[in-house]
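Trainee: Here is what each chain is made of, one letter per residue.
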Amino acid sequence: MLAATAGAALLAITPVLAADQADQIIRGQYQAVLGDCAGCHTRPGGKPLAGGLPLETPFGALVPPNITPDHETGIGNWSETDFRNMMKSGVGHNGVRLYPAMPYPAYTRMTEQDISNLWAYMTTVEPVSNKVEANQLPFPLNIRLAMWGWNLLNFSEASFQADPSKSAEWNRGAYIVQGAGHCGTCHTPKSFLGADQDSSFLQGASLQGWFAPDITNNAQSGLGKWSEEDVVTYLKTGVNAHSIASGPMAEAVENSTSKMTDPDLKAVAVYLKSLGSDTGNAQAPKPDEARMAAGEAIYHDNCSACHGGDGAGAGALFPTLVGNSIVAQGNPETLARVVLAGSQAVHTTGAPTTPSMPSLAWRLKDQEVADVLTYVRGSWGNSAPAVSSDDIAAVRKELAP
Amino acid sequence: MAREKELTMTTILPRKDVVIVGLGWTGSILAHELTDQGLDVLAIERGPWRDTATDFNIGYAQDELRYSVRRDLFLQPAVETMTMRNDPSQTALPMRDFGSFLPGNGVGGAGVHWNGHTWRFWDSDFQIKTNLTKRYGAARIADLQVEDWGVTGAEMEPYYDQFEYLAGISGKAGNIKGKLQEGGNPFEDPRSRDYPNPPMEMTYAPTLFADVGRSIGLHPFPTPSANMSRTYVNPLGITMGQCTYCGFCERFGCANYSKSSAQTTILPVLMKKANFEVRTDSEVLHVDLAPGGKSARGVTYVDTSGQEFFQPTDLVLLCAYGLHNARLMMLSGIGKIYDPATGEGTVGRNYCYQTNAGVQVFFDDKNFNPFIAAGALGQTIDDYNGDAFDHGGLDFVGGAGINCIPTNGRPIGTRPTLPGTPKWGSAWKKATVAGYKSTLGYSSQGSSYATRTNYLDLDPTYKDRFGRPLMRMTFDFPDNDIRMSNYLCDRMEDIAKAFGGKQYSVGRRKKGWDSVPYQSTHNTGGVIMGTDPKKSAVNSFLQSWDVPNVFVIGASAFPQNAGKNPTGTVGALAYRAADGIRNHYLRNPGAPLVQA
Chain Z
1 MLAATAGAAL
11 LAITPVLAAD
21 QADQIIRGQY
31 QAVLGDCAGC
41 HTRPGGKPLA
51 GGLPLETPFG
61 ALVPPNITPD
71 HETGIGNWSE
81 TDFRNMMKSG
91 VGHNGVRLYP
101 AMPYPAYTRM
111 TEQDISNLWA
121 YMTTVEPVSN
131 KVEANQLPFP
141 LNIRLAMWGW
151 NLLNFSEASF
161 QADPSKSAEW
171 NRGAYIVQGA
181 GHCGTCHTPK
191 SFLGADQDSS
201 FLQGASLQGW
211 FAPDITNNAQ
221 SGLGKWSEED
231 VVTYLKTGVN
241 AHSIASGPMA
251 EAVENSTSKM
261 TDPDLKAVAV
271 YLKSLGSDTG
281 NAQAPKPDEA
291 RMAAGEAIYH
301 DNCSACHGGD
311 GAGAGALFPT
321 LVGNSIVAQG
331 NPETLARVVL
341 AGSQAVHTTG
351 APTTPSMPSL
361 AWRLKDQEVA
371 DVLTYVRGSW
381 GNSAPAVSSD
391 DIAAVRKELA
401 P
Chain Y
1001 MAREKELTMT
1011 TILPRKDVVI
1021 VGLGWTGSIL
1031 AHELTDQGLD
1041 VLAIERGPWR
1051 DTATDFNIGY
1061 AQDELRYSVR
1071 RDLFLQPAVE
1081 TMTMRNDPSQ
1091 TALPMRDFGS
1101 FLPGNGVGGA
1111 GVHWNGHTWR
1121 FWDSDFQIKT
1131 NLTKRYGAAR
1141 IADLQVEDWG
1151 VTGAEMEPYY
1161 DQFEYLAGIS
1171 GKAGNIKGKL
1181 QEGGNPFEDP
1191 RSRDYPNPPM
1201 EMTYAPTLFA
1211 DVGRSIGLHP
1221 FPTPSANMSR
1231 TYVNPLGITM
1241 GQCTYCGFCE
1251 RFGCANYSKS
1261 SAQTTILPVL
1271 MKKANFEVRT
1281 DSEVLHVDLA
1291 PGGKSARGVT
1301 YVDTSGQEFF
1311 QPTDLVLLCA
1321 YGLHNARLMM
1331 LSGIGKIYDP
1341 ATGEGTVGRN
1351 YCYQTNAGVQ
1361 VFFDDKNFNP
1371 FIAAGALGQT
1381 IDDYNGDAFD
1391 HGGLDFVGGA
1401 GINCIPTNGR
1411 PIGTRPTLPG
1421 TPKWGSAWKK
1431 ATVAGYKSTL
1441 GYSSQGSSYA
1451 TRTNYLDLDP
1461 TYKDRFGRPL
1471 MRMTFDFPDN
1481 DIRMSNYLCD
1491 RMEDIAKAFG
1501 GKQYSVGRRK
1511 KGWDSVPYQS
1521 THNTGGVIMG
1531 TDPKKSAVNS
1541 FLQSWDVPNV
1551 FVIGASAFPQ
1561 NAGKNPTGTV
1571 GALAYRAADG
1581 IRNHYLRNPG
1591 APLVQA
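So the sequence lines, in the order shown, correspond to chains Z and Y.
Residue numbering for the first sequence is 1 to 401, as defined by the numbering used here.
Residue numbering for the second sequence is 1001 to 1596, as defined by the numbering used here.
If you're looking for bench data, these hints aren't it; they were derived computationally from the structure.
Check before you lean on any hint, since a few could be wrong.
Calculated pairs, DSS-like style, for lysine-lysine (alpha carbon to alpha carbon, straight line, at most 27 Å) [what the hints assert, rightly or not]:
(1) Y:Lys1534 to Y:Lys1134
(2) Y:Lys1366 to Z:Lys47
(3) Y:Lys1336 to Y:Lys1534
(4) Y:Lys1463 to Y:Lys1336
(5) Y:Lys1366 to Y:Lys1429
(6) Z:Lys47 to Y:Lys1429
Start from the sequences and build out the full structure, keeping to the hints where you can.
Mentor: Listed below in C-alpha cells is the structure:
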C-alpha cells in the first residue's frame, strides 16, 4: 500500500517513467524497508534519510549521514557502482571506508539485483540539504584508513549462500535475516574489535544500553516457546502473547518489520525457529529466599496491578512476565532499563494502543529493583539468574543525564 | 485605534477543514470520525496534554490529597468561573471556587476523572413532553418547560451501541430487541445486543442491596460501567485492562487503562493520523462569523504566552464542557440569548442539573471493606426512574435511579458517622473508626426538569481575565423536582427499613441550591436540541439553527436531564452528530440538515 502510493506519486511527477522502472523503484523501496535505512538515517520527526541521531558505539559516536540525493551534503554525486561497492564492501564514494556501524557486513549478502533496485529507489528520495559530520570518533579511531586493517581481519565480501537442502521459505528467511534485515548487527555478540562472533550468531548481545535477546530457538532464552505465528505477530505488531517490543526493537518494528510482507515475516520465523540449540540451558541456582521474599513484597506493591499477581499480564496491554524472553535473558540489562526508565509499546496498525510502563527509578532503590527482578526471574517457572544491585547501579548510571 | 492594534497582533493561520473546540469525549469522537472521512481536523484544547503513563502514573495516581481534595485535574476558577444566584430577582455573585460541580480541564476533559456510569436515556425521556401530556395531561407540566428532543429512543439506539462498544461498557442487557433478559434492567428500552463486557464482579454492599431490593419486590441490576470487567479490545483495536478495584476513579485518572476515556479508547489511534492535530494550552475566545452572521469563518484563540491567533475553517464543532459551549455561543453572538421575562431567545434556555438525595444504613456486625471499589461498580434500581412508574396519583413528574455504588473507601473523604456525632475531636475519631467498614450508602439520582427561570446568560458585571463577561447561572431546584426527590427518599426509606441495620439516616434535597458542597457535575442544557428554532438552539443533529456550519456537541444539548448520568447520552449524541456531518452535511456543506 505504502509502496503503491509512493509509486503513484512518483508517476505523477515523472510521466515519462517506464512501467518497469517504476516497478524497480517500488521493489527498491521495499529493500529500504527490509534494511531499515530510516531507522538510523532519519531523525525522529526529521526529513526521510537526511541523517540520523548519533549512534553511541563502544568506540565513540558515529552519526548516520544524509543519504538523500543532495549533491552537496548527501549522496547525489555517487554512481550506482559507488553505492553497490559501499553495500558490498564498506568502501564508498572516493574510496571512503565506512565503519561497520553501517551494517555492510550483512548487506554484503544482498543480491546485486536487490542492491540495484534499492539504488533506483534512493535516487528518487527528496534531496535534503543537511550537512552531517558522520565521524565523531576519537583519535586514532577517527582515521578511516584503520578500517582497512579491520576489514582485513574481520570482513570479507560475500554473497548469500543458499542451502539447497532447505525449503525456499527457509532460504528466503535466511537471506533476509543475514542480509538486508541485518538482525545480527544487534542480536549477535561482538568481539573486542566489534565484529560479529559468528559462533554465537543471534544469541543475544548488549548495545547502547539494551540487551538484544537471543532470537535462536533456544527454549529458555530464545524463541523456543514461541510458535512461528508468535514470531510473525511480534514482528508485524510489536506485541504477542509473550512479549512487547521495547527500545531499539520497537523502532525496528515501527520502521521495518511491521511493513514487511506476511510471506517474508513467515520466512523469517521459519528460519529463526531452525537456529540454535538448547545447550547451555542449565537451571540457574535457586535465589536466596530472603531476597525472593523481599522481591515478592515489592512486586505486589509496584507491579501486580498491571502484570497480575501471577505475572500473567493482560493481552497486548501488559506483557506477561511468565516465560517472557526479556525476563529470561542471562543479561538483565534490558529488564533493568525498562524498570528504571520505563518503556512504551510501539504503534502499529495491528496493535495501536501504545501502553506505557512508567519509570520506577524515583521510587525504587537499586537493591529493591534487584530484589524484585530476582523474584520475577525466579517465579512462575522462570529460571533466570539473580540480579545484583550492582547490575542495577550500572544501568542507572548509564541512564543518568 | 485599539481595533487596529488588535488586528495587527493576531496571527492568521493556514485554513483547516474542521476546528474542534475541546478535546474530551465528544471532541475525540468527532475528530476520529471526521479524520476517517479524510478531513483535515484541528482540535484546540484550553488545558494541557495528558496521557496515562505521564499524568496518571501508577506510582502517584492514587493520591487523594492531590487529586480529590486539591482537585489537580480540574478547571481552576482563575481560568474560568461563573456567577450564580437562585432566582432572577437576586444579584449573582462569582463562584470563587468550584464546589457543587467540578468541570474538567485538559485533554480528555471531564471524561478523565468520571466514575464511568454509562446510561441510555429512554424513549419516554426523549419524547417527554408528548409522553407526559398524553399520559397525565398538559396541566401536570404547566409549571415546567420540558421539551421533546426531536429524536426517538429507537433513533438513538445505534449511537448508544457505538459508544458502548467504543468504551467497552460492562453490564447486563435487560431488553434485547424487545425480549426481557433475566438479571438486566427490565425498564430499559430495547437494545440491539448485549453490552460488550459482562458486569463487574460485585462487592458485598451492592450484593446485599440487590438482595434487599428484590426481597421487597424491586428489580436491581448491575450498573452499566465504564470500568472494565475484563481485558477488552475496542473496535479501533485499542486494548483496555481489567479494573483492579482500587477505588480511585472519580477525580482521578486511571493508571491501569481500565476506565474508558478519550485517552484509553480513541487517542492512541487519533494522535497517529496525519490529518489530525491538537493544539493544547490554547483557549478559544470566540467563533468568528462572516459578515451577516450566517456562517462561521474561523475561531480566535490565545496561547499561554498571550499571543492571539485566527484559525480559519469551514466547520466549527464546539465540543467543550456543556456550560462552556453555552458561553462560547453567547460570546460569539450565535443565536439569541434567552430572556426569561419574554421567553424569547434560545441560548442559555433550559439549564438543568441533577436532583440527588442519599441514605446511609449503619450496622454493627457487617464489614463492607469499602476500599475494594470502582467508580461504577454497583447495583441500580430503576423502578422509580423517569416514567417507569405511574405518576397518575402523584403530584410530580420524573424520577430517579436508586444507586448503591460504593465508589471508594478513601481515607480522607470516607468518614461515615452516626447522626448526632460531633464533627471533630475524639468522639468523632472513635465514630469514624466504628463507621468506616460497617456503613452502607445508596442514593437517588433524580431527574432535573426545566423551568422558565432556570437558565444561563452573560453576567452584567463580572468579567474574566480576557475582559469577557462571565456566564451567569440562575438555578434552584424546581418544586416538582423537590416533590419527586422526597417521594424517592420515602422509597429509599422502605429499602433502609428492609436492611434491618441498627440505624439509618436520609439526606433529603431542599430548595435553595448551594454552590459550595459537591453535588454533581451533570450540568445540562443551555444549547438545547429540538424541532423548533424558537425553543431550541440546535437541531436534532446538534447543528446550530442560526449558523449552520457550527455544531454544538455535549450535554448542553439536553432539553432537560433524566435521572441518570449524562455521559452515555453525550457519547451517543456525538456519534449522531458525526453521522449527520459525514453522511449528510458534507454533501452540501453550509446547509441546514433539518428545515425549520
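Trainee: Would you mind marking each hint as holding or not holding in the structure?
Mentor: Here is what the structure says about each hint:
For the hint linking Y:Lys1534 to Y:Lys1134, the alpha-carbon distance of about 23 Å falls within 27 Å, and the restraint holds. Of the supplied pair hints, the one linking Y:Lys1366 and Z:Lys47 is violated, its CA atoms being roughly 66 Å apart against a limit of 27 Å. Simply put, Y:Lys1336 and Y:Lys1534 have alpha-carbon atoms about 10 Å apart, close enough for the 27 Å limit, and the pair holds. With a CA separation close to 20 Å, the supplied pair Y:Lys1463 and Y:Lys1336 stays within the 27 Å bound.
This hinted pair checks out: Y:Lys1366 and Y:Lys1429 have alpha carbons roughly 19 Å apart, not beyond 27 Å. Between the alpha carbons of Z:Lys47 and Y:Lys1429 the distance comes to roughly 64 Å, so the proposed pair goes past 27 Å and is violated.
Checked against the numbered hints given earlier, the structure breaks hints 2 and 6 and satisfies all the rest.
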